[in-house]
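Undergrad: The primary structure of each chain is shown beneath.
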Amino acid sequence: MPFAFVMGKAVTELPKDLYIPPQALEVILEAFEWPLDLLLYLIRRQNLDILDIDVSRITEQYMQYVELMDAMRFELAAEYLLMAAMLAEIKSRMLLPRATPVEEEEEDPRAQLIRRLQEYERFKKAAEDIEELPRMERDTWIATAAPPPIEKQRPAPDVDMRELLTVLSEVLKRAQMYESHQVQREALSTRERMSEVLEKLSGQQFVPFISLFSAREGKLGVVVTFLAIMELIKESLVEIVQTENFGPIHVKGRAE
Amino acid sequence: MSDVEGLVPIVEAALLAAGKPLTVAAIGALFEEHERPAKEDLQAALDEIRHRCEGRGFDLVEVASGFRFQVRERYATWVGRLWHESPQKYSRALLETLALVAYRQPITRGEIEEIRGVAVSTNIIRTLHEREWIRVVGHRDVPGRPAMYATTRQFLDYFNLKNLDQLPALADIRDLETLNAELGFDTLPMEASPTAQAAVDDAEQS
Amino acid sequence: MSDVEGLVPIVEAALLAAGKPLTVAAIGALFEEHERPAKEDLQAALDEIRHRCEGRGFDLVEVASGFRFQVRERYATWVGRLWHESPQKYSRALLETLALVAYRQPITRGEIEEIRGVAVSTNIIRTLHEREWIRVVGHRDVPGRPAMYATTRQFLDYFNLKNLDQLPALADIRDLETLNAELGFDTLPMEASPTAQAAVDDAEQS
Numbered sequence: 743m744p745f746a747f748v749m750g751k752a753v754t755e756l757p758k759d760l761y762i763p764p765q766a767l768e769v770i771l772e773a774f775e776w777p778l779d780l781l782l783y784l785i786r787r788q789n790l791d792i793l794d795i796d797v798s799r800i801t802e803q804y805m806q807y808v809e810l811m812d813a814m815r816f817e818l819a820a821e822y823l824l825m826a827a828m829l830a831e832i833k834s835r836m837l838l839p840r841a842t843p844v845e846e847e848e849e850d851p852r853a854q855l856i857r858r859l860q861e862y863e864r865f866k867k868a869a870e871d872i873e874e875l876p877r878m879e880r881d882t883w884i885a886t887a888a889p890p891p892i893e894k895q896r897p898a899p900d901v902d903m904r905e906l907l908t909v910l911s912e913v914l915k916r917a918q919m920y921e922s923h924q925v926q927r928e929a930l931s932t933r934e935r936m937s938e939v940l941e942k943l944s945g946q947q948f949v950p951f952i953s954l955f956s957a958r959e960g961k962l963g964v965v966v967t968f969l970a971i972m973e974l975i976k977e978s979l980v981e982i983v984q985t986e987n988f989g990p991i992h993v994k995g996r997a998e
Numbered sequence: 006m007s008d009v010e011g012l013v014p015i016v017e018a019a020l021l022a023a024g025k026p027l028t029v030a031a032i033g034a035l036f037e038e039h040e041r042p043a044k045e046d047l048q049a050a051l052d053e054i055r056h057r058c059e060g061r062g063f064d065l066v067e068v069a070s071g072f073r074f075q076v077r078e079r080y081a082t083w084v085g086r087l088w089h090e091s092p093q094k095y096s097r098a099l100l101e102t103l104a105l106v107a108y109r110q111p112i113t114r115g116e117i118e119e120i121r122g123v124a125v126s127t128n129i130i131r132t133l134h135e136r137e138w139i140r141v142v143g144h145r146d147v148p149g150r151p152a153m154y155a156t157t158r159q160f161l162d163y164f165n166l167k168n169l170d171q172l173p174a175l176a177d178i179r180d181l182e183t184l185n186a187e188l189g190f191d192t193l194p195m196e197a198s199p200t201a202q203a204a205v206d207d208a209e210q211s
Numbered sequence: 006m007s008d009v010e011g012l013v014p015i016v017e018a019a020l021l022a023a024g025k026p027l028t029v030a031a032i033g034a035l036f037e038e039h040e041r042p043a044k045e046d047l048q049a050a051l052d053e054i055r056h057r058c059e060g061r062g063f064d065l066v067e068v069a070s071g072f073r074f075q076v077r078e079r080y081a082t083w084v085g086r087l088w089h090e091s092p093q094k095y096s097r098a099l100l101e102t103l104a105l106v107a108y109r110q111p112i113t114r115g116e117i118e119e120i121r122g123v124a125v126s127t128n129i130i131r132t133l134h135e136r137e138w139i140r141v142v143g144h145r146d147v148p149g150r151p152a153m154y155a156t157t158r159q160f161l162d163y164f165n166l167k168n169l170d171q172l173p174a175l176a177d178i179r180d181l182e183t184l185n186a187e188l189g190f191d192t193l194p195m196e197a198s199p200t201a202q203a204a205v206d207d208a209e210q211s
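Line by line, the protein sequences are chains A, B and C.
Sequential numbering from 743 applies to the first sequence in this note's numbering.
Sequential numbering from 6 applies to the second sequence in this note's numbering.
Sequential numbering from 6 applies to the third sequence in this note's numbering.
These are computed hints drawn from the structure, not numbers from a lab.
The C-beta atom is built at its ideal place from N, Cα and C for all residues, glycine as well.
Be aware that a few hints might be false.
[Said to hold, decoys possible] List time: in silico BS3-like cross-link candidates among lysine-lysine, alpha-carbon distance up to 25 Å: (1) C:Lys25 - B:Lys25; (2) A:Lys976 - A:Lys994; (3) B:Lys167 - A:Lys942.
[Unchecked claim] Only some residues are given here: those of chain B computed to face chain C with a beta carbon under 8 Å: (4) Gly11; (5) Ile15; (6) Phe36; (7) Trp83; (8) Val84.
Only chain A is shown next, with the shape it has when bound in the complex (with noise of 0.2 Å):
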């Protein structure tokens, strides 16, 4: 079966070393992914030895790579090169007499390069056991069964009373850089008491004037209730009808 096709041709095996017909080049990295991989299948499988390179063809594939670029993917080929080169330095430092003992420090190139390939294949052999773990959605999946009717329970919001306060403030400081909304110190009773008086109001024709206020609550509730319909029909909510002079007078909301 064919390995790959390049230009029409049948790419039947893997390299068997590094020469790769330029051609070849995307094919035959994308397949191992990267060129690490690539030399570790090499030196594995085809018995490569990392010195038996002729640098002066290395060298000729740089050249005929390089003009293919353009056309190739650039970054594959560079790192196929950086590897070329890697090993075309171990290659040339190997073939030269040893100049000093002083460089005895100097860590042998191969060894570099070895423990690079070793710590590499560490990993690549990490990434195929964790592609061999369980996983989800492909050999395990989460049991779930349909849950119970469940009533909605959700507490209602806490609200504290200076935030209140406080977004309160907020809001008429900026009502009255929109407008010059007065807002004047106002008896809060008289407004609720508009709000109470609107609502016994409500749905009913005509009220009474005088049903709406109570003895029960004295002189000083009879007032609020008054200036609250003294407000509500500034305000045009309510009617006031009066049949005849001294007649009852009847209050009716507007709206209803």
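Chains B and C: place on chain A using the hints.
TA: Using the frame of chain A, we list chains B and C on its own:
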């Protein structure tokens, strides 16, 4: 695969993983043709599964779209707490609306919007209604006949007020900084509001 | 509620309804304070539940985020057919990057690239983030302050692990001498090879 014993774990595994009801046909479709069990065998497996659910926290039930495992209702008390939501916070817009209803009642939505300078969403009004903090006390006699809102008894109760008079006077609110200083409140940790203080304690004493 | 028998159906009902792993503490929180079982009793109930799962299509397992019921692997063939798409495949590049983060955390992208010998695509990092398998745990104090990655609980949950210790052991670093022989390298150090013919003969037939 026609032995019912062997079908049981497969069927229950599928029902538990599916997350939705499965018909007998859908369960059958999980098997390759050559091993597909007869309908009666699947039915027998389902019966066996239901039988095994006895005394457990869940049951196998048949609903319109097939079979599914369902948690038994008697455990709803505990299971329901899985979805207990912690109380959220009301939006700033809602609090502003509530404050305006409290202090300027009766007030229409339009009037609230006028003061706030922005629209009041229907949601806010609904939430305040549901909380029973506001009520409609009438309709203003202007085009559209908008509802006028006022606060409720529940509102007063929640804030520990006997009546609206116990709310701090507006004039005081407008000088909150002074008020806070006077009352010796600590700064409330509220976003972007260094003046976040007021007089709930004050209201309680009066 | 301390009798284990009574706890069993409640706990299994909660685990099945939750649709996600629950910790022992989370299960305990489903009970009101006065009836809250001791940790040991909950643990005993979980043991009993696991025991009852024997021979069933599902099992109780503990992963990083808690306990969950899950389908037994041996039924994956059938259960997998519930979904038309085959399970998502992850590229080797992604898995190797994930392995490096898992075993070497905290690790920067540069460090991953150094070991893999190739650039890590932004796509891989993004995918791992989106799956919530990795997260940024800080920045290395070097020029550019690169992000350091670590794995998440979701990663452990997804791969059926309770903690990082359960990851398969990383291969040992073999002794360099053994490796050299294996790779057909000449014995180190280099003094032994004064000429260019350091190559080992057995490599030549390739």
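Undergrad: Run every hint past the structure and note whether it holds.
TA: Hints, one by one, checked against the model:
no.	hint	verdict
1	C:Lys25 - B:Lys25	holds, 16 Å
2	A:Lys976 - A:Lys994	holds, 14 Å
3	B:Lys167 - A:Lys942	holds, 20 Å
4	Gly11	violated, 11 Å
5	Ile15	holds, 5 Å
6	Phe36	holds, 7 Å
7	Trp83	holds, 4 Å
8	Val84	holds, 5 Å
In this structure, only the earlier hint numbered 4 is contradicted, and the remaining ones agree with it.
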